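Number of protein chains: 2
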Amino acid sequence: MKNLATLVAAAIVTSSFQVPAIAQETAPALTTAQAGAADRLIDAGLEDDLAWDILESLTTEVGPRLGGSPAEARARDWGVAKLKSLGFKNVRIETYEMPYWARVSESAGIVSPYPQPLAVTALGGSIATPEDGVTGEVVRFPTLLELQAAPETGLEGKIVFVDEPMARTQDGSGYGTAVAKRSQAAVEAGKRGALAALIRSAGTDSHRNPHTGGAVRGAGKTAVPAAALSNPDADQLARALERAKGPVTVNLNLQVETKETVVSGNVVGEIPGQTDEIIVIGGHLDSWDLGTGAIDDASGIAITTAAAKLVGDLRGKPKRTIRVVMWGAEEVGIHGGKAYAEAHKDEMDKHVLAAESDFGAGRVYRFDTRFAEEEVGKAKVFEGALRRLAVTPGNNMAFGGADIGATRDLGVPVVSLRQDGTDYFDLHHTPDDTLDKVDPEDLRQNVAAWAAFLYIASELDGDFGRLPVRGDGQ
Amino acid sequence: MKNLATLVAAAIVTSSFQVPAIAQETAPALTTAQAGAADRLIDAGLEDDLAWDILESLTTEVGPRLGGSPAEARARDWGVAKLKSLGFKNVRIETYEMPYWARVSESAGIVSPYPQPLAVTALGGSIATPEDGVTGEVVRFPTLLELQAAPETGLEGKIVFVDEPMARTQDGSGYGTAVAKRSQAAVEAGKRGALAALIRSAGTDSHRNPHTGGAVRGAGKTAVPAAALSNPDADQLARALERAKGPVTVNLNLQVETKETVVSGNVVGEIPGQTDEIIVIGGHLDSWDLGTGAIDDASGIAITTAAAKLVGDLRGKPKRTIRVVMWGAEEVGIHGGKAYAEAHKDEMDKHVLAAESDFGAGRVYRFDTRFAEEEVGKAKVFEGALRRLAVTPGNNMAFGGADIGATRDLGVPVVSLRQDGTDYFDLHHTPDDTLDKVDPEDLRQNVAAWAAFLYIASELDGDFGRLPVRGDGQ
Numbered sequence: 003m004k005n006l007a008t009l010v011a012a013a014i015v016t017s018s019f020q021v022p023a024i025a026q027e028t029a030p031a032l033t034t035a036q037a038g039a040a041d042r043l044i045d046a047g048l049e050d051d052l053a054w055d056i057l058e059s060l061t062t063e064v065g066p067r068l069g070g071s072p073a074e075a076r077a078r079d080w081g082v083a084k085l086k087s088l089g090f091k092n093v094r095i096e097t098y099e100m101p102y103w104a105r106v107s108e109s110a111g112i113v114s115p116y117p118q119p120l121a122v123t124a125l126g127g128s129i130a131t132p133e134d135g136v137t138g139e140v141v142r143f144p145t146l147l148e149l150q151a152a153p154e155t156g157l158e159g160k161i162v163f164v165d166e167p168m169a170r171t172q173d174g175s176g177y178g179t180a181v182a183k184r185s186q187a188a189v190e191a192g193k194r195g196a197l198a199a200l201i202r203s204a205g206t207d208s209h210r211n212p213h214t215g216g217a218v219r220g221a222g223k224t225a226v227p228a229a230a231l232s233n234p235d236a237d238q239l240a241r242a243l244e245r246a247k248g249p250v251t252v253n254l255n256l257q258v259e260t261k262e263t264v265v266s267g268n269v270v271g272e273i274p275g276q277t278d279e280i281i282v283i284g285g286h287l288d289s290w291d292l293g294t295g296a297i298d299d300a301s302g303i304a305i306t307t308a309a310a311k312l313v314g315d316l317r318g319k320p321k322r323t324i325r326v327v328m329w330g331a332e333e334v335g336i337h338g339g340k341a342y343a344e345a346h347k348d349e350m351d352k353h354v355l356a357a358e359s360d361f362g363a364g365r366v367y368r369f370d371t372r373f374a375e376e377e378v379g380k381a382k383v384f385e386g387a388l389r390r391l392a393v394t395p396g397n398n399m400a401f402g403g404a405d406i407g408a409t410r411d412l413g414v415p416v417v418s419l420r421q422d423g424t425d426y427f428d429l430h431h432t433p434d435d436t437l438d439k440v441d442p443e444d445l446r447q448n449v450a451a452w453a454a455f456l457y458i459a460s461e462l463d464g465d466f467g468r469l470p471v472r473g474d475g476q
Numbered sequence: 003m004k005n006l007a008t009l010v011a012a013a014i015v016t017s018s019f020q021v022p023a024i025a026q027e028t029a030p031a032l033t034t035a036q037a038g039a040a041d042r043l044i045d046a047g048l049e050d051d052l053a054w055d056i057l058e059s060l061t062t063e064v065g066p067r068l069g070g071s072p073a074e075a076r077a078r079d080w081g082v083a084k085l086k087s088l089g090f091k092n093v094r095i096e097t098y099e100m101p102y103w104a105r106v107s108e109s110a111g112i113v114s115p116y117p118q119p120l121a122v123t124a125l126g127g128s129i130a131t132p133e134d135g136v137t138g139e140v141v142r143f144p145t146l147l148e149l150q151a152a153p154e155t156g157l158e159g160k161i162v163f164v165d166e167p168m169a170r171t172q173d174g175s176g177y178g179t180a181v182a183k184r185s186q187a188a189v190e191a192g193k194r195g196a197l198a199a200l201i202r203s204a205g206t207d208s209h210r211n212p213h214t215g216g217a218v219r220g221a222g223k224t225a226v227p228a229a230a231l232s233n234p235d236a237d238q239l240a241r242a243l244e245r246a247k248g249p250v251t252v253n254l255n256l257q258v259e260t261k262e263t264v265v266s267g268n269v270v271g272e273i274p275g276q277t278d279e280i281i282v283i284g285g286h287l288d289s290w291d292l293g294t295g296a297i298d299d300a301s302g303i304a305i306t307t308a309a310a311k312l313v314g315d316l317r318g319k320p321k322r323t324i325r326v327v328m329w330g331a332e333e334v335g336i337h338g339g340k341a342y343a344e345a346h347k348d349e350m351d352k353h354v355l356a357a358e359s360d361f362g363a364g365r366v367y368r369f370d371t372r373f374a375e376e377e378v379g380k381a382k383v384f385e386g387a388l389r390r391l392a393v394t395p396g397n398n399m400a401f402g403g404a405d406i407g408a409t410r411d412l413g414v415p416v417v418s419l420r421q422d423g424t425d426y427f428d429l430h431h432t433p434d435d436t437l438d439k440v441d442p443e444d445l446r447q448n449v450a451a452w453a454a455f456l457y458i459a460s461e462l463d464g465d466f467g468r469l470p471v472r473g474d475g476q
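Sequence order for the protein chains is A and B.
Going by our numbering, the first sequence opens with residue 3, and the numbers climb by one from there.
Going by our numbering, the second sequence opens with residue 3, and the numbers climb by one from there.
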């Protein structure tokens, strides 16, 4: 997941956990039969084994699946086969084109005065260094703000080191600041004539697995090669700077591969409804290349697919079509999410609601909506059903997910089933994002919450209004 | 540390935590002044900052320091300067020759049916693969025993995978079994015609940092290239084998460098005593190459040096000389420990007691001795002094430490200040063995326990007898 900064900003803006009084008065309710069905879906979700099987299958049989890579193409084939085998209809790949970036090799080390290797990983989109790397004196900035405040000269021939730490939070709000550092260090260093930028990983762990992530969106030509140090290596470099009597010199060598255009795609499957209205849900199929993407975002794929299957297994068609999308190439530019909105812009008026699961497999603890103001009372129906799963009512400022950002910007209401992310950034974008990190019971709680949400979203009388259209969805 | 298997076997053999009644009757006691001094040393140890400074200095300014490498030579220079700056006397390097082995590069991956990289590290002493690696079908053995029980043919062209897990224990007793797997897999696989051996790391964590360690001692010519998979990668390979309909093929590429003879050395410093009797203590200066060796064994160096300094700072000379040794090249064959015993064999009768700290920086929770039977009552004196640090009496089957094994075998009594190793094998021999893993308060408790032990060992009337001489100390 990315662009959590947006979410965080939204959460800060609104501190209200109450719906307006007028909305409460007009809030609809489920019928007794519907309430019973939602309850039984929660029971079934809490005993679900399908999500784990999907998660294990994708992370084992495909493994890492970088956006635009042959591995991501194998993941699409996997997705088509999986959705078909589960009985989804209209299963297809919707292709799009995108630029390609991949790491080839990466290494770094202190050259003097304390020669030793440093664990680094290239940030996504980084340019390569020359073949022998770059070697320069390290200049440390405790935060990105201090780098931004530095004069626009004086770093010629230097390697910038942005040592800003990241806060551990349940809601992921530490990530906004961390993303700023990750995405801007290369540009800010380049502006000032530096050779390269190193950042302390945007992560909360203390293992020697650096965190990758997108670096230089819209950066223009000043961006220099950029890499993340693992947190212990950032500690080490900071200590070396403290202990050394003179300059600390580092070598950084990043080699990357790029292609102007490759083909990627979204995998789509449906549980056809009685009407032409659509509820679109899913996760992103791609992962960073370092781990097997168990929490980011095979869990989201597994949770949403298993929840849709539970709803699809009920007697009779759902009222609305449930469309599951495995978005492609999210990590490297949200290509799949943007392509989906573009490809489906003519049927956006049929899209009643959108939601993405893309924050690991931690328990859902809060339900946020972004409904039209006049429909916000409907949140109460979901909140009531989810209460037994220890899900607390949230606000009407839901982010929704990176891949439905473009869809949301075309006016489609969204919800967020907010997950506990306390440990998420220990693993996020590292080699350590592997299956063993997922708790099967937490995964089941997610399936239960999503199944109940999805059922209600499909069956509830009336829709959730429309959001203001922003831009063109791009 | 290594050879813990010996320690574990000893712990299993004896379950007695009592000293014989006869020894209790003759047990000596500290004078009031001595008891007060021991107590004040504990107070000082609990406020000690020197051990942390030594630990930070060695791990930062030298970093990884593989036995026999240029980095280990820098560590010796560091050790000499550190001991001199702290006021130790007779500071010197005692050199010896040893064979050299170093990793150059290592990689592995599933080739089919689920192509993806696997995180591996070469086991110490492994031979190289051909330049393009070896590729073969994986044959999994749940334990070493099952590999050992397999017929001596039938694995031609295969890659053996020993998937045996390791138990998490406070006393490190899970390591004995794990070492057997690590040291014997390559030989057992080679005997049966296999191309290579992969083992599940001898470690208790779930991070993608494989655990290295010595592999092929006395293995002869049948040993094949051998590497450890991280625990998540071993899980992944096991799952791939379960899910694949046909064979799972893996490529393993290990490149190594060896030299017949290089020079290494032990760093020695002393606090001269009033007599020519010697108490020898220390830790090992080398580390594996992957981490900075904070827990293995810069902590041991720091704890014993800081404790000796505290005792040396008391008014007047200690009764016995306290000799601190930073043994070299322990991980790659206990070369320093053996060389020490050989170089000092003519003064072994002056060695009253030996002890090593080489199990990380976890709190000391038990005090074991290996005294002559008739002197075992003296353990009570130490036990009494250490009680306020929550150190419990142990038995008289102390291992002592790998580097004092050869000294012990020449008849010198030893003690073990047993440390809590519950988390030790999460980090041991991995890139994750870094400074941030050490708790400063635990480190201080170690210094306090070692200072009190050392003071009593130096001042107590009478010695600890002699142990049976075993072999020639080699």
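Calculated directly from the structure, the hints in this document are not laboratory data.
Heads up, a few of these hints could be off.
Identical copies look the same in the list; a pair holds intra-copy or inter-copy alike.
[What the hints assert, rightly or not] Each computed EDC-like pair below joins lysine to aspartate or glutamate, with the alpha-carbon atoms no more than 20 Å apart:
{"id": "1", "residue 1": "Lys352", "residue 2": "Glu154"}
{"id": "2", "residue 1": "Lys247", "residue 2": "Glu58"}
{"id": "3", "residue 1": "Lys91", "residue 2": "Asp315"}
{"id": "4", "residue 1": "Lys439", "residue 2": "Glu158"}
{"id": "5", "residue 1": "Lys439", "residue 2": "Asp425"}
{"id": "6", "residue 1": "Lys439", "residue 2": "Asp237"}
{"id": "7", "residue 1": "Lys193", "residue 2": "Glu158"}
{"id": "8", "residue 1": "Lys319", "residue 2": "Asp348"}
{"id": "9", "residue 1": "Lys352", "residue 2": "Asp134"}
{"id": "10", "residue 1": "Lys86", "residue 2": "Glu139"}
{"id": "11", "residue 1": "Lys193", "residue 2": "Asp438"}
{"id": "12", "residue 1": "Lys321", "residue 2": "Asp41"}
{"id": "13", "residue 1": "Lys86", "residue 2": "Asp173"}
{"id": "14", "residue 1": "Lys247", "residue 2": "Asp55"}
{"id": "15", "residue 1": "Lys247", "residue 2": "Glu63"}
This one's a predicted model, so the numbers in the text were calculated from it and none came from an experiment.
Tested hints:
Taking the closest pair of Cα atoms, lysine 352 and glutamate 154 never come within 20 Å of each other, the shortest separation being 51 Å inside a single copy and 68 Å across copies. When the C-alpha separation of lysine 247 and glutamate 58 is checked against a cutoff of 20 Å, the pair qualifies only between copies, where the shortest distance is 16 Å, while the shortest distance within a copy is 51 Å. Proximity of lysine 91 to aspartate 315 under the C-alpha cut-off of 20 Å is restricted to the intra-copy arrangement: shortest distance 13 Å within a copy versus 81 Å between copies. In this homomeric assembly, lysine 439 and glutamate 158 never come within 20 Å of each other (Cα to Cα): the closest approach is 43 Å inside a single copy and 36 Å across copies.
For the identical chains of this complex, lysine 439 and aspartate 425 are neighbours both inside a copy (10 Å) and across copies (18 Å), given an alpha-carbon limit of 20 Å. For the homomeric pair lysine 439 and aspartate 237, the shortest alpha-carbon distance between copies (12 Å) is at most 20 Å, but the shortest distance inside one copy (25 Å) is not. Taking the shortest alpha-carbon separations for lysine 193 and glutamate 158, only the intra-copy value of 10 Å comes in at or below 20 Å, while the best inter-copy value is 59 Å. In this homomeric assembly, lysine 319 and aspartate 348 never come within 20 Å of each other (Cα to Cα): the closest approach is 24 Å inside a single copy and 91 Å across copies.
Taking identical chains as interchangeable, the C-alpha atoms of lysine 352 and aspartate 134 are never at most 20 Å apart, the minima being 55 Å within one chain and 55 Å between chains. Taking the closest pair of Cα atoms, lysine 86 and glutamate 139 never come within 20 Å of each other, the shortest separation being 56 Å inside a single copy and 31 Å across copies. Proximity of lysine 193 to aspartate 438 under the C-alpha cut-off of 20 Å is found in neither arrangement, the shortest distances being 42 Å within a copy and 34 Å between copies. Proximity of lysine 321 to aspartate 41 under the C-alpha cut-off of 20 Å is restricted to the intra-copy arrangement: shortest distance 18 Å within a copy versus 78 Å between copies.
For the homomeric pair lysine 86 and aspartate 173, neither the shortest alpha-carbon distance inside one copy (35 Å) nor that between copies (52 Å) is at most 20 Å. For a Cα distance limit of 20 Å, the shortest separation of lysine 247 from aspartate 55 across copies, 16 Å, qualifies, whereas the shortest one inside one copy, 56 Å, does not. Only between protomers do lysine 247 and glutamate 63 lie at most 20 Å apart by alpha-carbon distance; the minimum there is 12 Å, versus 51 Å within a single protomer.
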